[in-house]
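> Reassemble the complex: the two chains are provided individually, in unrelated frames, and hints are given to aid placement.
In order, the protein sequences belong to chains A and B. Counted from 1, the first sequence has number 77 at position 77 by the numbering used here; the numbering is strictly sequential. Counted from 1, the second sequence has number 68 at position 68 by the numbering used here; the numbering is strictly sequential.
What the hints contain is simulated information worked out from the structure, not anything from laboratory work. Being a predicted model, the structure only gives us computed values, none of them experimental. Do not rely on the hints blindly, as some may be mistaken.
[Said to hold, decoys possible] Residues from chain B that keep clear of chain A, each with C-beta distances beyond 12 Å, as calculated: (1) 26; (2) 28; (3) 39; (4) 43; (5) 45; (6) 63; (7) 69; (8) 70; (9) 101; (10) 105; (11) 126.
[Stated by the list, open to error] Okay, the calculated bits of chain A under chain B, using three or more residues with CB under 8 Å as the criterion: (12) 29-38; (13) 46-57; (14) 60-67.
[Said to hold, decoys possible] As a list, the in silico SDA-like pairs of lysine to any residue whose alpha-carbon atoms are at most 25 Å apart: (15) 58/A <-> 129/B; (16) 58/A <-> 115/B; (17) 58/A <-> 61/B; (18) 58/A <-> 68/B; (19) 58/A <-> 42/A.
No residue lacks a Cβ here, since even glycine has one placed at the ideal position from N, Cα and C.
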Amino acid sequence: MIRDKLGTICGWDRFAFPAPVVQRISLTDLAGNAHPIRWPGLLDTGAERSAVPLEVCKELRLAPRDWRSPRGFDREATPRRTPLYYLCLLPNGLPRATLLVYGVPRTNVLLGRDFLANLIMIVDGPRGRLRIGRSTILSRILIPCIGLR
Amino acid sequence: MRASLESVRKGRTEPEEYGRSLKEIYVFSFRPEGYEDTFRVSFEVPRRDIDTESEPINLHPFEAAFTREQTAFFEVLPQLLRRAPGKFAAFRNGRLVDEDADEFALAARIEQAYRGEFVLIRRIAAACPEDCLDSPESESP
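With the rest of the complex left out, here is chain B (with noise of 0.2 Å):
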């Protein structure tokens, strides 16, 4: 069975209606495929038993659009390396906007154009960029 999820609430009980126990709620709605009512299934979660010593995961704001103009580049890839090998490819909304073989004067000229938005740039080559930070100072968190 399939079903389109409609919304997610997060609540949370105060201490005093539950005596000291306070309480996350999780409310799911749900519309299972055919079925014209909504769904609606709710958790409550003593905060007691929410492990509160994990690291929260704090997603870079731009991670997201690098994960869409990596995925563009490598789709693309295999053209633009029978085209512009070597070159540098600058990618942004799932497109290239530009090229050089000069890398720092395609990054001024997107810094120019694009300046505090998400641009992939990229050297056109089949094998991954990688760095060796052999250094202990570089793995400071």
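Chain A extracted, bound-state conformation (with noise of 0.2 Å):
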């Protein structure tokens, strides 16, 4: 209530925060294939692996490297035994990352905790703000001390 309040009064409200999306990312085997579609990207820190669209595995004709069975969020699902891909992913202003990801159907990029491992990601609620950057030894003295860059 106090800061739906605070929020009138400072001239934003409470949706203002923004989605943690990130706009384009493109994928490419370990050959260097790229696929044409820059993907959009859905942050998810309560993915433990990252997950792509199952038709990029199969338009850059991937082989899979192993298949597992996840568990779902309610833990009480039937597995469903899915491939995992070795791929690079490019987001935008990002630094690149190659990972073992889910080949699942699905239309956008499920940025799981393996891809945020490397990276330095600051939610600020009350100002709605969101902060995605690269890890480095000096940010992560910095953000500390001086809050957000």
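Encoded structure:
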């Protein structure tokens, strides 16, 4: 309630918080072949491993390198065996990441904690800000001292 | 009694043959052990009795290869655990073809050598790898 009142006074509303989305991600295989489409990526701290649209793997003619049955959010779901592929993710403005990712039928890239492992993400709800950047030794020291970059 | 299955055929009757009752026909040919003759059994199932709502099983083309490579992996896992725990191993046609401490270097070599073929790459560890995708986003079929 206080937050709503503050929002009214300050001129922003409670829905102004940005979605954790990386707009364009290029996907390439380990031989350097790039998929022609640049995909939107949804940051998801709940996912242990990233996932890409299965059609990317098919169109790049990749063979899976393992299969696993990931557990779902309710942990009671029937496990579904899912193929895993090695891919390079090149997000706009962020460092590239080579990852072992799930290939699933979806229309965006799910960026999990394996992708975030080398980045710093700061969520500032009251200011409606989301910052994602490289994890450097300097940023690890500066960010706690000066707040957001 | 043992018998070898020689062939399985599946057919379908034309509607005019049986009025409007379309049927599926399954023909099995088999030869019992010790017999020289081949026996043939056919089943005719009216199509209206077939549950067409059930989801067809679409196996991924690499799933059979996965089963083979995973079986090979588990067979040699005790030796690998003694020799190279924590490394990553690559299996193809039921045999260990490469290994490396660097997962992505190994994956790049395998991609170059066996592009488009299924090669299992897995960490040499006693526990089976398991992931938890806690997000509802990952639950879409």
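> Can you list which hints this structure breaks, lowest number first?
6, 7, 8, 10
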